[in-house]
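Student: Sequences listed follow chains H and A, in order. Heads up, the first sequence is in the working numbering, so the first residue is 1 and it goes up one at a time. Heads up, the second sequence is in the working numbering, so the first residue is 1 and it goes up one at a time.
It is possible that some hints are incorrect.
Claimed, not checked - A short list of chain H residues far from chain A (calculated; beta carbon distances all over 12 Å):
(1) 23
(2) 62
(3) 69
(4) 88
Unchecked claim - Derived DEER-like restraints, expressed as beta-carbon distance ranges:
(5) H:57 <-> A:64: 24 to 30 Å
(6) A:21 <-> H:56: 39 to 45 Å
(7) A:64 <-> H:96: 50 to 56 Å
(8) H:73 <-> A:616: 42 to 48 Å
(9) H:73 <-> A:184: 31 to 37 Å
(10) A:184 <-> H:32: 53 to 59 Å
(11) A:7 <-> H:73: 44 to 50 Å
(12) H:98 <-> A:33: 51 to 57 Å
(13) H:19 <-> A:623: 51 to 57 Å
(14) A:24 <-> H:84: 30 to 36 Å
(15) A:57 <-> H:57: 44 to 50 Å
(16) A:21 <-> H:33: 52 to 58 Å
No lab work stands behind these hints, which were simulated from the structure alone. Each residue gets a CB set at the ideal place from its N, CA and C atoms; glycine is no exception.
In case you want the letters, here they are:
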Amino acid sequence: MVTIVPYSHVLILAASLFVLGAGCAIARRNLIMILIGVEIMLNAAGLACIGAAMRWQQLDGQAFVIFIMAVAASEVGVGLSLIVYSQRRTGTLDADRYDLMKG
Amino acid sequence: MTAILLILLLFPLTGGVLNAVVGRLLPRRASEVIACLGVLGALGMAVIALILGGRDTYHLTFFPWIKVGDLSAAMDVYYDPLAAVMILMVTFVSSLIHLYSVAFMRDDRDYVRYFCYLNLFVFAMLVITLADNLLFVYLGWEGMGFCSYALIGFWYQDEVNANAGRKAFICTRIGDVSFSIALAFCFVLLHSFSISQINAQASSLSPYLATLLSLLLLGAAVGKSAQLPLTVWLPDAMAGPTPVSALIHAATMVTAGTFLLMRLFPVVQMSPTAMLVMAGVGAVTTLYAGAAALAQWDIKRMLAYSTISQVGYLFLAVGAGDIVGGTFHLVSHAFFKALLFLAAGCVIQALAEEHNIFRMGNLRRLMPQVYWLFLAGAVSLSAFPLLGGYFSKDRILLATFMHPELAYKVLWFIAVVAAFLTPLYTFRVFFVAFSKRADGRRAADIHPIPKFMAAVLWPLAILALGDGLLNLPGGIGKNFLGNFLAMVPGARPDLGASSALEWSMGIFSAFLVIASLILAYFLYSYRPAREPAMVGLHKMLCSAFYLDNLYRLIFVKPYQAMAGFLWRDVDNRYDRGLVKGAKALFRPYRAMAVFLWLKIDEICLNEGAMKAAGGLKVLSSGLGRWTSGRLSTYLTMLFLGLAIFFGVLALGYPW
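Chain A with its partners taken away, still in its complex shape (with noise of 0.2 Å):
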């Protein structure tokens, strides 16, 4: 098993090291199959490593890392049911978007550097899905962080996306940090690092411990997977190529906060507050991405504020401490939410890099393969009833409802409110983008693009649309995946609910979401929809509620206000373009300063450097005389300063 796993995580690995050293030198093709042959690899063992180990736990060292005193940090893995699912996911996913890739970056210079960043990025968040000890983690958790970065900005020669990159790692790091301060505790606390000692180590903490160090993991979690407060980066990583977003911006990366939690559930369930507060950001974020994305007219940053609206319910689901229903909505989320991403790549590719979806329309009858595929991910993601967002969701939705305290009725109706809004941004998109409109595309404005590119994705659409079979919540299948993941700590195979509550529930869902479509289709395509203006509640909803405009007035403007200060007004003192009413503000710091100018500076303190200065004119010469430049004086003084040095030591010996 030790091997299996080392040779899963070495896969990839290998993939983006041969590719960053020798990759210039090879042909094309020869570089993406390396790529590929990577995160193929990863998945044949994957596959392998869950035909072999099947439900139980392991707990391996490949080898020891760090160890001083009674810090030990070890390369060692925790393979669960849970890491089991993940990685298998993961592999899977990311196996089908490299080979997208290839076609995807047919036309790129740059597809070294792209198949590299790809590679280390499944490598870390391997590395994030298997690592026992934290440090490891931490480890997966950065270098995931950096290769985002380094995909997000990947056309760099253009100012935004390399802005974009920066956002997206500024914001995380602001969750990093959190992170690390967590490490920090949990070390000073239980004196480990090991995710498996810590979980079982968890009873042991004070409740007001075990609060604080779920928040900072919530906080961490928070940052990496683009919850309320730090949702800004992810709508602008959408700059990077959209394989890209598929994979880390969808499927995996913004999912590996939630799985952490999930990881150290045991220490998270000992807090009942941390577990409100992250079933409420999950909520909230839910409900507040969801609106948002019912007003973009980028069809990419309406799929990156749905995937913020949809991690909200993986962190609703930990939040009311179902465990197998984030898992199984991570799972279904993954495959829709990459299958509708790779689909508007197709699109956006055959109309030149067109991301405002006003100007698509009749690709239907032009594009009827993406046609069928964006479709199958949309009802996907509306949660459309027996397809598999469906099930997935209304597990959460359950578990959130059967939760005792009250304060979870509510967060369940934020939810509720939020799944009415999925189908309708979804089919707002889908109906204004594909159906037949007269302002729309005609043929001969599609670019060919690859056929391999959307054939590439019938895998996805199928288990997009099958996945709920995984987890059904009655039948043959019964909490399949529930059962399976019955060792992990703090799952619950199955809810406990009256088979009366789930009916009523999975009725009423479904009888929200065709009524979301229902009204979708009478708002967007019953009559042709034109992009609206952008003013008032439209324009709101479209820039996310003015987040980023609030960032920029809290965070950004008084720095640069600060910094202009210094810059202006105390740097370069005379500045006549002072504003009147400033001046008289300012009168007293400029008369300090004149006073400072003329008295200190300039007869002080310039004089006193002028006398300084010639006595160290006088000095260095007197010195320069001792750099003759022959090499046998330097080499004398070199052995007269060590003979004097070893008559010191000698002097201090006890003979």
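Here chain H stands alone, though its shape is the one from the complex (with noise of 0.2 Å):
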């Protein structure tokens, strides 16, 4: 028999995963590790779409999250890129010195 994971610990994982990658994003000050944090984020976000697939028995859900395996995926492709390319230019990935948009 099949035991269908409950919605709810679906979602509670989910959340959680979502608060690391925030925290990861805030409390880490190197650029790379911010885009892994924002990387946790978006597949807790998939996660949660593919529990409510289950849940509901509704393809829509698995389809969501294969687009947003693509847009990560690209997102990386490009962040990545520029990350190189901004350590290349200033010489460092601290996240705190890139202040040019200071007020």
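Starting from the two chains in their separate frames, assemble the complex, guided by the hints.
Tutor: Okay, here's the thing in structure tokens:
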């Protein structure tokens, strides 16, 4: 017999992953780590979608996740190349050193 | 059938898109071949559709497009004999014009842009012809308007050409607004955009609403077909390359308006008032443009006015309830007018962009082939007995004459007068440009043009001369086209005229044409014609009864005056350049302005603004501290905001 994981469990997992990712994005100063934090948040959202797809037996959620994965992949591609460029240009990856937007 | 029609539409679209996307990378020949194949393929498909489809009516859906509530619009087609005739004509004429264009544009660097727009135009025209859904029709309608704009202003580096394009776009837009209102009406009244459904439900319309709807449709058609009062754009549209004038502004696009009315004929038929207005617009335009054509010195402008005049006959035909006659004349007009334009294009290119007929002359000897081609077009346009234009124009005149209402007799008379003018203006140009004159051109003036340019016109010439066979009033091929179109709603294959009436009308118009030809010969060929001075009646006719000036006076001048007033007098209040007389008029205004400036503006507003600005400055420097430029602060703020947002959502959730 197949036991289905309750949706609330999935949601709890997704929420904790999301908070972990958010914490990583806020707390870390390294650009790469911030990017990783954002990726974790994206995956948490995807997890919630998949759980919802299972819960209501509708495929839309899964289709959604495929798009999220595609977006995440391209985002990493662009983000990492930007980071490499920034490293070459400024010699640092410390997010606090990028303060050109200071008002 | 679905596949055939879909491929038919896709051919020119693909051609246009290919040329737009990769045209620049391809060698010139490849781009030309793509463009020509796009249209020739469509022609082939049109022939196959005709063979397979016969006289049946098809209602096919390609795929759904928009579906919101009641509103549904699909990419679907309504293929009936009327559409069959139309697509065959459009694809055939545009195929020849594409081939001609290859030679005509041989020295132009922007051939890719040209062929791309030309193909897209054919696509849009075919959409109009085939589409069942009025929104789909509208897509083609606007696409055609855009391509027309882009091609009229094709040589946009010259301000005049670009302006002509804008003028055409704006004028036709007035009609388009009417069309979009008609669309909304259709939907509100009949809950459908489908032409076939609208036609089926037309009889449920009240007479008042039917009249309103028909008049709105007429407004749309008038804009696109350059009828009064929106004629002004077509003569200026001659700024485009000549094949464009032939394709868009003679053979196809200007007839789209009439086609729309024929397509929705059951609606139009519900309202005798609208029919009368339609016929009236057609008849008056016919005479108006015919008279204007009499005085043109530019060979292309003369042909443009002649087009307006001939399209007027089409409106008259629809107004008199004779779809078959309208279609017949539409087809024969497409052939002879395309032929005339393309022949004129040969002349213009051979004489290094010379448009003035009074600087031509002697062309009969110098360009014999073009001479014969132009003659074929000219006799057909003049409705010379037993040629194409004769039968088609006669049928329209007969239908108008036989209409029971008295007003139509008046319209018939107007149309007959216009029919008398047609040979006169056509052969005026013909004699002046081609016959022998002492001050005419010499062999040295002629630039060589590719032989191909004239050769490709022979099929058109044969059709222009012989297309009367399509719908002979009697004999073996009697009413062939009429019987073919019999299934089209509202079409009458046979007008039911007594043979005595038919014969007398035929002989009467033959007599009319020949009399006019003789008059033209004595006026313009017997004595060598000189370029007349631009005075009096001649000037009035040449400027088409000052319609452009009238519009300038009514619309442009007040607008300019208003803009000038706002700019000079309101904006720049203390301009001393005011005329003395106007000064008194403006004194109260000035006093008020001074008061506003010194008391209110300077004291209240300025002071206030300064204070406010100071406050804002303090505030902004306070806020500025928030923008630390630190990424982590921003992220923290973002998450904080998110947390608050979710918190509010969670509070509102019925736990």
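Student: Return holds or violated for the Cβ distance of residue 21 of chain A and residue 56 of chain H against the range 39 to 45 Å.
Tutor: At 43 Å between Cβs, range holds.
Student: Is 51 to 57 Å respected by the C-beta to C-beta distance linking residue 98 of chain H and residue 33 of chain A?
Tutor: holds, 55 Å
Student: Is the gap between the beta carbons of residue 73 of chain H and residue 184 of chain A within 31 to 37 Å?
Tutor: Since residue 73 of chain H and residue 184 of chain A have Cβ atoms about 46 Å apart, the given range 31 to 37 Å is violated.
Student: State, for the Cβ atoms of residue 57 of chain A and residue 57 of chain H, whether the hinted interval 44 to 50 Å holds or is violated.
Tutor: Since residue 57 of chain A and residue 57 of chain H have Cβ atoms about 46 Å apart, the given range 44 to 50 Å holds.
Student: Is the claim that residue 62 of chain H lies outside the interface with chain A correct, judged by CB distances over 12 Å?
Tutor: The claim stands: residue 62 of chain H keeps its Cβ more than 12 Å from every Cβ of chain A (closest is about 24 Å).
Student: For residue 64 of chain A and residue 96 of chain H, compare the CB-CB distance with the range 50 to 56 Å and indicate the outcome.
Tutor: This hint holds: roughly 54 Å between Cβ atoms.
Student: With 12 Å as the threshold, tell me whether residue 69 of chain H passes as away from chain A on beta-carbon distances.
Tutor: Check passes; 22 Å lies beyond 12 Å.
Student: Taking the Cβ atom of residue 73 of chain H and the Cβ atom of residue 616 of chain A, is their distance within the range 42 to 48 Å?
Tutor: Holds, since residue 73 of chain H and residue 616 of chain A (Cβ atoms, about 45 Å apart) stay within the stated range.
Student: Just tell me: holds or violated, for the beta carbon distance of residue 184 of chain A and residue 32 of chain H against 53 to 59 Å?
Tutor: holds, 56 Å
Student: Can you let me know if the beta-carbon spacing of residue 21 of chain A and residue 33 of chain H is within 52 to 58 Å?
Tutor: violated, 43 Å
Student: Beyond 12 Å from every chain A Cβ: check whether that's true for residue 88 of chain H.
Tutor: holds, 19 Å
Student: The hint says 51 to 57 Å between residue 19 of chain H and residue 623 of chain A; measuring C-beta to C-beta, is that right?
Tutor: violated, 29 Å
Hints 1, 9, 11, 13 and 16, counting from the list given before, are not met by this structure.
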